[in-house]
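Engineer: Each chain is listed here by its residues.
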Amino acid sequence: MSPGAGVPHPVAEMSARSIGYVAGAAVVAVATLVAWTLIGQQRLEDVVMIYMLGIVIVSMRFGYGPSLVATAVSILSFDFFFIPPYFELAVADVRHVVTFGVMFVVALVVSGLTKRVRDQADHARDVAVERERLAEEAHRARMQVETEQLRNALLSSVSHDLRTPLAVVTGAASTLLEESLEPAVRRELTDTILQEADRLNRLVQNLLDMTRLEAGALRVRKQWQSLEEIIGVALERVEKVLGDREVATSLPEDLPLVPLDSLLIEQVLVNLLENAAKYTPPKSPIRIAACVADAGVEIEVSDRGPGITAGQEALIFEKFHRARSDERGAGLGLTICRGIVVAHGGRIWAESREGGGASFRFTLPIEGEPPKLDAREGGEA
Amino acid sequence: MTTPGPLVLVVEDDAHMRRFLRASLTAHGYRLVETTTGKDALAQATAYNPDLVLLDLGLPDMDGLVVTRSLREWSAVPIIVISARGQEQDKIDALDGGADDYLTKPFGTGELLARLRVALRHAERVGREPEPAIAVGDLRIDLAKREVFSGDVEVHLTPLEYKLFAILMKHAGKVLTHRQLLKEVWGPTYVDQTQYLRVYMVQLRHKLERDPARPRYLVTEPGVGYRLRS
Numbered sequence: 024m025s026p027g028a029g030v031p032h033p034v035a036e037m038s039a040r041s042i043g044y045v046a047g048a049a050v051v052a053v054a055t056l057v058a059w060t061l062i063g064q065q066r067l068e069d070v071v072m073i074y075m076l077g078i079v080i081v082s083m084r085f086g087y088g089p090s091l092v093a094t095a096v097s098i099l100s101f102d103f104f105f106i107p108p109y110f111e112l113a114v115a116d117v118r119h120v121v122t123f124g125v126m127f128v129v130a131l132v133v134s135g136l137t138k139r140v141r142d143q144a145d146h147a148r149d150v151a152v153e154r155e156r157l158a159e160e161a162h163r164a165r166m167q168v169e170t171e172q173l174r175n176a177l178l179s180s181v182s183h184d185l186r187t188p189l190a191v192v193t194g195a196a197s198t199l200l201e202e203s204l205e206p207a208v209r210r211e212l213t214d215t216i217l218q219e220a221d222r223l224n225r226l227v228q229n230l231l232d233m234t235r236l237e238a239g240a241l242r243v244r245k246q247w248q249s250l251e252e253i254i255g256v257a258l259e260r261v262e263k264v265l266g267d268r269e270v271a272t273s274l275p276e277d278l279p280l281v282p283l284d285s286l287l288i289e290q291v292l293v294n295l296l297e298n299a300a301k302y303t304p305p306k307s308p309i310r311i312a313a314c315v316a317d318a319g320v321e322i323e324v325s326d327r328g329p330g331i332t333a334g335q336e337a338l339i340f341e342k343f344h345r346a347r348s349d350e351r352g353a354g355l356g357l358t359i360c361r362g363i364v365v366a367h368g369g370r371i372w373a374e375s376r377e378g379g380g381a382s383f384r385f386t387l388p389i390e391g392e393p394p395k396l397d398a399r400e401g402g403e404a
Numbered sequence: 028m029t030t031p032g033p034l035v036l037v038v039e040d041d042a043h044m045r046r047f048l049r050a051s052l053t054a055h056g057y058r059l060v061e062t063t064t065g066k067d068a069l070a071q072a073t074a075y076n077p078d079l080v081l082l083d084l085g086l087p088d089m090d091g092l093v094v095t096r097s098l099r100e101w102s103a104v105p106i107i108v109i110s111a112r113g114q115e116q117d118k119i120d121a122l123d124g125g126a127d128d129y130l131t132k133p134f135g136t137g138e139l140l141a142r143l144r145v146a147l148r149h150a151e152r153v154g155r156e157p158e159p160a161i162a163v164g165d166l167r168i169d170l171a172k173r174e175v176f177s178g179d180v181e182v183h184l185t186p187l188e189y190k191l192f193a194i195l196m197k198h199a200g201k202v203l204t205h206r207q208l209l210k211e212v213w214g215p216t217y218v219d220q221t222q223y224l225r226v227y228m229v230q231l232r233h234k235l236e237r238d239p240a241r242p243r244y245l246v247t248e249p250g251v252g253y254r255l256r257s
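Taken in sequence, the protein lines are chains A and B. Quick note: the first sequence uses my numbering, first residue 24, plus one each step. Quick note: the second sequence uses my numbering, first residue 28, plus one each step.
None of these hints come from the bench; they were simulated from the model. On a predicted model such as this, the values are computed, not experimentally measured, just so you know. By construction, the Cβ of each residue, glycine as well, lies at the ideal position given by its N, Cα and C atoms. Fair warning: there could be bad hints in the mix.
To be verified - Lysine to aspartate or glutamate pairs mimicking DMTMM-like chemistry, simulated, CA-CA at most 20 Å apart:
no.	chain 1	residue 1	chain 2	residue 2
1	A	245	B	115
2	B	172	A	259
3	A	245	B	248
4	A	263	B	115
5	B	234	A	277
6	B	172	A	111
7	A	395	B	219
8	B	132	A	219
9	B	132	A	277
10	A	263	B	138
As the list claims (entries may be wrong) - Across the chosen pairs, the derived CB separations fall in these ranges:
no.	chain 1	residue 1	chain 2	residue 2	range
11	A	395	B	148	36 to 42 Å
12	A	186	B	181	40 to 46 Å
13	B	85	A	271	51 to 57 Å
14	B	181	A	240	26 to 32 Å
15	A	376	B	216	44 to 50 Å
Could you put together the complete structure from these sequences and hints?
Structural biologist: As structure tokens, then:
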């Protein structure tokens, strides 16, 4: 009967049981035959062993009931075929009755023991099945709790990160409505509003990207693009955040076109550059480099800041990870970078630099070749 | 008596957005007519014959592209469309459908006024004799002699590079879509071969920009096209 199969089919069960009894009788018949042909009626102790063997087989294979029946049939056969008067169920020598008794007791014990073993095996199997079911349920429940927790973390993080710049904007704007302010102060407050709005804009972009990533709705539309161009666009977008720090670019002359989604890879670079600016002193230099590397390109954004805490190189890409507790921003930037790079078929990793600072690298595969440009450089020029 | 400033038709359904546009534009001498729907916009355009149309693509009643195309059926008025980031296809469609330039929300006053200035300047030049030479910052192109200068140094460009640079200079300050550039420089059958454009833009930057990775003039408009920043 299969575990957890529900109510067993009565007719099927009955015929299964009957088979056991019939088979049990058959085993006894075989034992009798074997004993008769191989041993004869002279060495009775060996004949007893054959019958006992038969009973053990029946009890192991067919269960308790059949083994009891087999025991009875074995004793009767033994009496009938091997005990004088032969072919009669009477017993001439009383000592043989003792033999029957011992046979019966041993057979009973063996049957009992095998039954217990089988019961234990069944029980163990049922327990294992139950345990697996409970483990699965526990796992599902844990997943749900984790999702809840992440959602709550996201909500509270969003709430905090949106409210803080909004608080600044509200404060600055309401102050500006007051009449008596120095022009310099007015200017400063207005500039603050602009900066906070810019920050909010970037946060919203990150949230949108994160949502798309989570929903599996990130569509990568690859086109053959120039890395130099993409880097240029990214640098322009973060111009204000970079301030007046030195940004060096190191790109080989023969860098090939790369198939990528320009808006998405721009976002990766913007996030990496923002991080570099955020975690390093205001005048600290940033470097962007690219090179060809097995079947693709490798791009690196590196800085001379405090670097990455040892052991945290993989952790920083996890959602909501923040390097400092006072840091602003939901900690989604690197997670988004990873999602986008992986969706392109590449990989991204971080390490500390020799001499201090952090280095973020990611690869983008190049499959195929861009359609060849015409050899002609003509037309009316 | 000063001439009245250019008349701008503002098509924008968000009240606060309109307030910002009104404040910014009137402060710089523009006159405004405001509408909140596409249908109304078409009617007002006919009634007022504005010098420029500022059209938000996210209108509730009509697709901005339809408004653009309808306007273009009878008017060459410069149209600047306003859209959000991530809606690149809308902008491309509008530009290919006849719009002159675009603004991506959120944008500041500086960008807004720059776009308006460029659009009006180009509109004004239509019908006039084309200029023999154009100068933008350090860059100069002499269309008669087919010479290009960066500062005082002459720069040698291949025929296609020259063609590409020339069209960007002729539309200095205005965005040109990939499609428009490919069609003008390579021909109508090449409108989908953006990789040509990329390679040639990279080449131009290497010849004309001090830092090709941070271009000052040959600017990429992500997802849309290119602009020669004036």
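Engineer: It remains to establish, for every hint, whether it holds in the given structure.
Structural biologist: Each hint, compared with the structure:
{"no.": "1", "hint": "A/245 - B/115", "verdict": "holds (15 Å)"}
{"no.": "2", "hint": "B/172 - A/259", "verdict": "violated (34 Å)"}
{"no.": "3", "hint": "A/245 - B/248", "verdict": "holds (17 Å)"}
{"no.": "4", "hint": "A/263 - B/115", "verdict": "violated (23 Å)"}
{"no.": "5", "hint": "B/234 - A/277", "verdict": "holds (15 Å)"}
{"no.": "6", "hint": "B/172 - A/111", "verdict": "violated (134 Å)"}
{"no.": "7", "hint": "A/395 - B/219", "verdict": "holds (13 Å)"}
{"no.": "8", "hint": "B/132 - A/219", "verdict": "holds (15 Å)"}
{"no.": "9", "hint": "B/132 - A/277", "verdict": "violated (36 Å)"}
{"no.": "10", "hint": "A/263 - B/138", "verdict": "holds (15 Å)"}
{"no.": "11", "hint": "A/395 - B/148: 36 to 42 Å", "verdict": "holds (39 Å)"}
{"no.": "12", "hint": "A/186 - B/181: 40 to 46 Å", "verdict": "violated (57 Å)"}
{"no.": "13", "hint": "B/85 - A/271: 51 to 57 Å", "verdict": "violated (40 Å)"}
{"no.": "14", "hint": "B/181 - A/240: 26 to 32 Å", "verdict": "violated (51 Å)"}
{"no.": "15", "hint": "A/376 - B/216: 44 to 50 Å", "verdict": "holds (49 Å)"}
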